[in-house]
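Participant: Chains as they are written, first to last, in our numbering: chain A, 1 to 264; chain B, 1 to 268.
It is possible that part of the hints are untrue.
Ranges of calculated distance between the beta carbons of each label pair, as one might list FRET restraints [as the list claims (entries may be wrong)]:
1. D177/A - L253/B: 43 to 49 Å
2. K128/A - F137/B: 36 to 42 Å
3. I257/B - A170/A: 15 to 21 Å
4. K165/A - V246/B: 40 to 46 Å
5. T48/B - Y117/A: 27 to 33 Å
6. N210/B - G218/A: 42 to 48 Å
7. G218/A - R12/B: 45 to 51 Å
8. L226/A - E62/B: 38 to 44 Å
9. K245/B - I239/A: 56 to 62 Å
Some but not every residue of chain B turned toward chain A, in silico, with C-beta under 7 Å [claimed, not checked]:
10. V216
11. Q219
12. I255
13. S264
Derived by calculation from the structure, the hints in this document are not laboratory data. Don't be surprised by glycine CBs; every beta carbon is placed ideally from N, CA and C.
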Amino acid sequence: MVSQAIMLGIIAGIGILDSRIFGALMLERPLVTGLLVGLVLGDVKQGVIIGAQLELIWMGIAGIGASTPPDVVTGGVLGTAFAILTGKGPEVALVIAVPIAVLAQSLGVLVRIVNGYFMHKAEKFAAKADFRGVTLMMWVPPVLFFLSVFIPTSLAIILGADQVKGLINAVPKTILDGLGVAGNLLPAVGFALLLDMLYSKKMAVFFFLGFLGASYLGLNITAIALFGACIAIIIHIVINNKKTEVGNGAMAINNLTEGEIDFD
Amino acid sequence: MTEKKVTKKELRQVFWRSLALQGAFNYERMQNMGYVYAMIPVIKKLYTKQDDQVKALNRHLEIFNTTPAISTTIMGISAAMEEQNANNEDFDENSINAVKASLMGPLAGIGDSLFWGTFRVIAAGIGISLATKGNIFGPILFFLLYNIPHLFVRIAGLRLGYRVGVSSLEKIQKEGLMEKIMAIATTIGLVVVGGMVATMLNVKTPLHLNINGAKVVVQDILNQIFPNMLPLLITFAVFTLMKRKVSITKLTLGIIIGGILIHSAGIL
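Produce the complete structure using the sequences and hints provided.
Facilitator: Listed below in structure tokens is the structure:
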């Protein structure tokens, strides 16, 4: 159990460092951490399924701009792990992952505040052209980020597994089924967040194009993406080649109100 | 005096270091530590006098924030400008940061909609559709579909930024190419989100009515009127609340509690 807990902590650590020092390769997303958690706990299939469910729910959550979003890494790893360990489905993952992500967010905020200290130290080193000092100040915060998820994740698995099992078993079936319904509804939040970024009255027709293509023609997502690309190219390059509509772009930029989304 | 020049070696170092852009993210100046860290090889190569090195380090410790995937393009431009500065006494040092500041906003706009709103949504959409069946290729495909264009933009952007410098990027911006890319990305993103609302929001009502002993399933009626009507309505209801500044956490908790209540009432 302890070795598994440490490995899960490392998965969370890699996940949190993804957007820090690995160039945001999507290693932080529940879809990926779900697979890794499944590998560690010996149930890859369940890990992948739960990861997909959590990915849908957190689809729209992004570290855009200066805002610190809910911590999908700690939430995703612990939610998937406890769902597998208790032998229950994605409903359990959901009820664990969502509150943990909100709680863990505050640790992320704390690290970002503390980082200000190292930044000022770096300025002092810069004043002496001390490259090594600046580099060192750059590399302390990633260690803090790592520990801020590694410790809670490992401890939660070691100390919490039995309690969580007991807790989950005590929850009545109607509530668990209701959570399943909630889990099916929650991706709407993710989609709404994406719409918040992409949607405008003028562009609304494209949303409905995809929606109707899936609803009436039964197209899958790959087909929809490919048709969408063709249509976008036809409209914006073939037809509208001479005069670019600055309006569209400007509008899209305005839609991306960074940090305006209230995560609290 | 020999011409000072940034070589392939430094650019390669900038590329690797750019991955750590947000490593020391802080609220005061955001990605500044990562930016200066990426520029160190260039600064070391171009400046030998301590005074010049200090100035260059301080320049790149100024506030910076953009989409990480796009950052290399700006770093390429900074490298080209530092090179000019090192070789030309009359070069206006302040222009280096002025260019950074003027590019990071618009490029973040494009970067977020291209990477966050388009590549990621398409990759996740395809990945999730496989992963919900427990297929291990779901996450793998998601990872590859996102990162192939992602790493291409990182590498090509760095080269482009260094080679063509500021003037060409401004020209591209004036010609409206940026807006065109934005419009294409937004279009594809919206089409895919529309498709995902229809296929991935699994909401059905078990309600049925008894009319003169005949059982009428409500979901069948809804399907006949408009398939996937419930997912569409729910998405726009949440979207409307979000526009009215209801926070994400409140919405999430509201849906969890609401889901349990609605299920107990037998509606969903």
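Participant: Identify every previously stated hint that the structure contradicts and give their numbers, smallest first.
Facilitator: Checked against the structure, the hints that fail are numbers 1, 2, 4, 6, 9, 10, 11, while the rest are satisfied.
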